[in-house]
Amino acid sequence: MNSFISADSIKFEYKNIEGQTQLALDGLNIKIDKGEFVAVLGHNGSGKSTFAKHMNAILVPTEGKLTVKGMDTADDDLLYDIRQCVGMVFQNPDNQLVATVVEEDVAFAPENLGVPREEIRKRVDDALEAVGMTKYKLHATYKLSGGQKQRVAIGGIIAMRPECIVLDEPTAMLDPVGRKEVMKSIRMLNRDLGITIVLITHHMNEAAEADRVIVMSKGKVIMDAPPKEVFWRTEELYDAGLSVPQPVELLLLMRKDGAEIEEGVLTVEECAEALAKIIKSARK
Amino acid sequence: MIKDITLGQYFPGESVIHRIDPRVKIILTLAYIVMLFVAKGPIGYGICLAALIYMIAVSKISLRIILRSMKPLLFIIVFTAILNMFYIPGRILVEFWILRITYEGIETAIYMALRIAMLISGTFVLLTYTTSPIMLTDGIEHLLNPLKKLKFPVHELAMMMTIALRFIPTLIEETDKIMSAQKARGADFESGNLINRARALVPILVPLFISAFRRADELAVAMECRCYRGSVGRTRLKVLKMQPLDYIAICVSLVLCVSIILSAVM
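Residue numbers (the working numbering), protein chains in the order written: chain A, 1 to 284; chain B, 1 to 266.
Keep in mind that the hints were calculated from the coordinates and are not lab data. Please note that the accuracy of each hint is not assured.
[What the hints assert, rightly or not] As a list, the in silico PhoX-like pairs of lysine-lysine whose alpha-carbon atoms are at most 20 Å apart:
1. K218(A) <-> K228(A)
2. K177(B) <-> K143(A)
3. K135(A) <-> K69(A)
4. K122(A) <-> K177(B)
5. K151(B) <-> K135(A)
6. K238(B) <-> K137(A)
[Unchecked claim] With beta-carbon atoms standing in for the labels, derived distance ranges:
7. E269(A) <-> H155(B): 16 to 26 Å
8. K280(A) <-> I172(B): 55 to 65 Å
9. E13(A) <-> A220(B): 18 to 28 Å
10. Q243(B) <-> D192(A): 55 to 65 Å
[Said to hold, decoys possible] Residues from chain A that face chain B, not an exhaustive set, calculated with beta carbons under 7 Å:
11. M88
12. T134
13. K137
14. H139
No residue lacks a Cβ here, since even glycine has one placed at the ideal position from N, Cα and C.
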């Protein structure tokens, strides 16, 4: 059976300012199933944003084929079906909001799709509810905080009723509070509404929340595994120019000094438990 | 400092004036402006003035705000009045050197000043102060709709206006940031003559323009992601609908217009 999103050895070339041809994606093979929560990690220039733009046909591969629900992104006739199926949220919330009032902005996509008016009303209300912004329905967009703006942007995508949302570093420009708000919304969309999530990020802690982590480097996939596995392959991560989540880093240092530590620890809570175990065994 | 500039000064409210359909308001404002130029003599002006005072009272917008809005144009009002005072021929009131003031001149000057003042305050109260920018763009889009038959890009124009309004606060904030950054590096915006000050603005405008273009590019991609493809097959969340109040406003205005025209003709 075909995967929901399937990238089949795709290459993407572009010309830089000096006119030289550069390869952003170099034979990428990625399959994503429906309902998954996938994080894509990578250093600057690893091609992760370029890959994100391929998933809803903003960019089309130079070579190879990318399909969404079996629809080829290179097919112009399917363009709007693909974009409606895979929504996209970008880094800067200020540059994605179109309207001056929250609910009008959320209504933008269904308006474009020609949804009947009563249905738009319902979709807008549902979408605002889903991102917890109902209270701000009639507020001016520019008066919101960064996290709130980003949640409105996500709401604007949900109103299209997509099956998948690709988020390209949605928290990069936010403060810690806004980051938390946005991550909470993303988890909720995946768990409660069953929306497939592809989260492009370079935040280790955010990637750790996904079901699966794909690590990219120089336009290729170098790792594709659950977070518990990926984050303990530290050598490879360092080679890709990435860091390791702090709990893992701490436990690794302790292991170097002779402490007995099991692999697979990821969150702060798990780390605390592992440390408690060591302390207990030391006391005996 | 720059944040004090309130653009599109809209004062939210629930008054009758606020609730009138934007399309009706735009047309009535145009009618009001025309009437100001048609009106002759105390009766015509009296009707206009009464209508204006009524609108101000009902809209609950303070007189101070209205007077403040006229301040930048005070010079033009005084200048026009003085010019009229000296140049209208008629019965001479005072004469010295080559200047002479006539009775007719004074009369015209008063009417002229009144007309400009009423024109400004009237349009502000009827349109900008009581209509939100979105309603205004919606109204303009609907009114221009017939032009679509002539292939005039009505929807695109309205979309451009909406986006421009949306980005005004964003760009003001950005200007503020750039100014602070340049000041921190020793830029001086306040001293020197006019040319020097204009020159000091270049390091603000260049980054502002570059960033505006970058924003435009990102916004365009984001809009495409949300399936934007112009006005074809587009529906709206909010549709303007005429209420009984709008018809009443039209009827009352019609009666006033007819009486102003009659008073001018007779």
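Hint check results:
no. : hint                            : result
1   : K218(A) <-> K228(A)             : 23 Å, violated
2   : K177(B) <-> K143(A)             : 17 Å, holds
3   : K135(A) <-> K69(A)              : 35 Å, violated
4   : K122(A) <-> K177(B)             : 39 Å, violated
5   : K151(B) <-> K135(A)             : 41 Å, violated
6   : K238(B) <-> K137(A)             : 14 Å, holds
7   : E269(A) <-> H155(B): 16 to 26 Å : 53 Å, violated
8   : K280(A) <-> I172(B): 55 to 65 Å : 59 Å, holds
9   : E13(A) <-> A220(B): 18 to 28 Å  : 22 Å, holds
10  : Q243(B) <-> D192(A): 55 to 65 Å : 40 Å, violated
11  : M88                             : 4 Å, holds
12  : T134                            : 15 Å, violated
13  : K137                            : 11 Å, violated
14  : H139                            : 12 Å, violated
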